[in-house]
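Using the sequences and the accompanying hints, generate a full structural model.
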Amino acid sequence: MNPSIEPETYPDTSNRIFVRIASQISLVVNGEDIFRELQERVLKWAFDPSRNLKGIPDGAWDGESFEIDAEHSERAAAIKLDDPTYWAFLLRERLKDTNRIWTTEVGIAQRRPDEAVFGCRLICSQLGLTETVPRSIPNFVRGIAFTQNALLDGRPTSAEPWIVDKEDAVDQLVSFLNDPGRNHPLVVFALPEDSSDLDETVLPVKPFIRRTAGYVHTAIITSEASYELTNKLGREFSVYRQAIRTYNPGFDPDSDLSTAHPVASAARVHSWDDTEFDTFTDFLVHQTLRLTRPRDALERVQPPFQQVKRIAAEHARTRAYAAGESDAELLRLAEEEAGAAKQEAQASLELAVNADVEKEQALAELRQIKASYMVVQARLDALQNRLNNGGAKEKDIPDDLADLESWANQHLAGSVELHSRALRGAKDSQYEDVSLIYKALLLLRDFYVPMRRQGGTDLKEAFEARCRELSLEEQPTFTGERAGEQGETYFVRIGQKRIMLDRHLKKGVSREPRYCFRLYFFWDDSTSQVVVGWLPSHLSTRAS
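Counting from 1, one number per residue, gives the positions in the sequence shown under this note's numbering.
Any given hint might turn out to be false.
As a list, the in silico DSS-like pairs of lysine-lysine whose alpha-carbon atoms are at most 27 Å apart [claimed, not checked]: (1) 166 to 96; (2) 506 to 439; (3) 54 to 44; (4) 166 to 427; (5) 206 to 166.
Derived from the structure by calculation, the hints contain no laboratory data.
Fair warning: this is a prediction, and the values are worked out from it, not measured in the lab.
This is how it looks when you write it as structure tokens:
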């Protein structure tokens with residue numbers, strides 16, 4: 001770290017209450033009288049004698065509406081709706097850590113007598129922002145996921161991992177990865193080379209499943225199946241040799257960076273050393289339970305308890321009006337409805353305020369990271385200069401593109417990044433002069449990147465001179481709005497951003513892939529490096 005960089009100043013949050021959603025699951029559950037079965041499971045968990053709930057009403061066990069808010073008692077409440085058939089439950093309790101209050105919200109919606117949608121949201125109210133809120137799932141969810149006929153993203157939940165060991169199983173895995181309806185992460189544990197022994201994963205799988213039940217899909221892939229997966233997705237999106245890969249929702253191998261679906265090698269897991277998470281399993285659980293859908297989408301699946309309470313009050317007032325109740329009774333019900341609406345607004349505001357604070361903190365941290373990155377990058381540049389442009393030379397250029405990804409990782413890291421689309425383009429390359437592909441990448445590393453980072457006429461002239469030596473031209477990809485005419489062809493996705501490949505290196509005017517060379521890229525200001533989105537063929541244009 002450069003001591004001249006002043007640390008960001010955060011607002012004092014030590015005495016403020018912050019509300020976070022720690023986890024949220026949604027399952028479709030089938031079975032005889034399943035609505036009532038799910039109610040009883042939740043109530044049995046909530047009314048366990050070890051829990052400090054006092055004065056449980058008689059009708060509570062029958063699924064009726066109730067509220068417990070007695071002195072020296074945890075708080076619990078339930079709301080029953082008849083049209084539609086819906087039951088909402090809330091339990092608020094303080095556990096060993098007195099700085100935190102945990103709220104469990106449950107929603108059960110009946111679709112048919114033998115099918116219900118079951119949702120559970122865990123919310124943590126914490127004093128200050130200094131500690132990470134642990135992500136977890138209530139115990140009773142595990143019982144439902146493991147013993148009931150439950151579906152997550154259309155796949156049955158189970159205490160056992162999904163075994164991917166044959167070609168048809170790989171096909172099913174790929175189909176599920178690409179399913180736009182998949183809203184939850186899929187974690188795949190690979191076995192060692194030449195192994196089909198399910199006990200040889202780098203970490204025990206079943207404890208991970210128990211901690212993520214109802215939210216994360218978990219699979220084990222054999223060595224033989226890993227080869228097949230590599231054939232279908234490419235090395236950049238595969239998983240093998242005891243690695244662990246998390247395939248996040250929205251998987252799109254045609255536009256995603258491989259880092260959007262993080263992989264941990266066996267060596268990384270074995271050498272885990274982190275002050276925040278004791279084990280790699282703790283870290284993996286925390287990351288995979290992270291909510292990936294926006295709050296409004298989650299709340300459409302499971303409305304917040306306060307919203308259901310407000311709807312119930314509205315229904316009660318409407319029924320009373322239709323029955324001709326007295327003005328005094330209607331006024332009382334209207335006041336209850338207004339109070340419920342106020343509580344709903346307050347609960348929503350607490351989550352929104354917390355999101356804004358976390359956003360500002362994340363932006364501040366990003367500014368610090370970028371400042372630190374610039375310092376590290378400057379040191380790296382100086383080191384490269386001292387080594388007299390050390391690294392790959394023309395004599396080190398391979399004869400084919402089979403190992404382009406590993407070559408790029410070894411020789412381009414920190415200056416040029418190959419997007420997964422570029423690697424797939426190289427895999428299908430028909431271009432005859434393979435060496436030019438590597439020389440163009442080294443041109444970007446050794447001449448273009450220094451020119452962009454440092455500026456100056458000398459570096460610009462050096463880049464242009466090297467382009468002439470290679471008979472390459474560096475130009476804008478398009479002028480005006482022509483990029484949009486080709487849909488997504490000239491764009492790549494980095495995280496949630498859609499970025500245009502606005503520059504390209506070119507050689508030749510022929511449309512014949514053997515003789516025409518194109519390398520499309522953009523300059524990433526956030527990391528001060530080049531991202532190559534496609535090579536070596538010509539992308540479609542209006543003319544083609």
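Now the hints, each set against the structure:
no.	hint	result
1	166 to 96	47 Å, violated
2	506 to 439	13 Å, holds
3	54 to 44	15 Å, holds
4	166 to 427	24 Å, holds
5	206 to 166	21 Å, holds
In terms of the numbered hints stated before, the structure departs from hint 1 and from no other.
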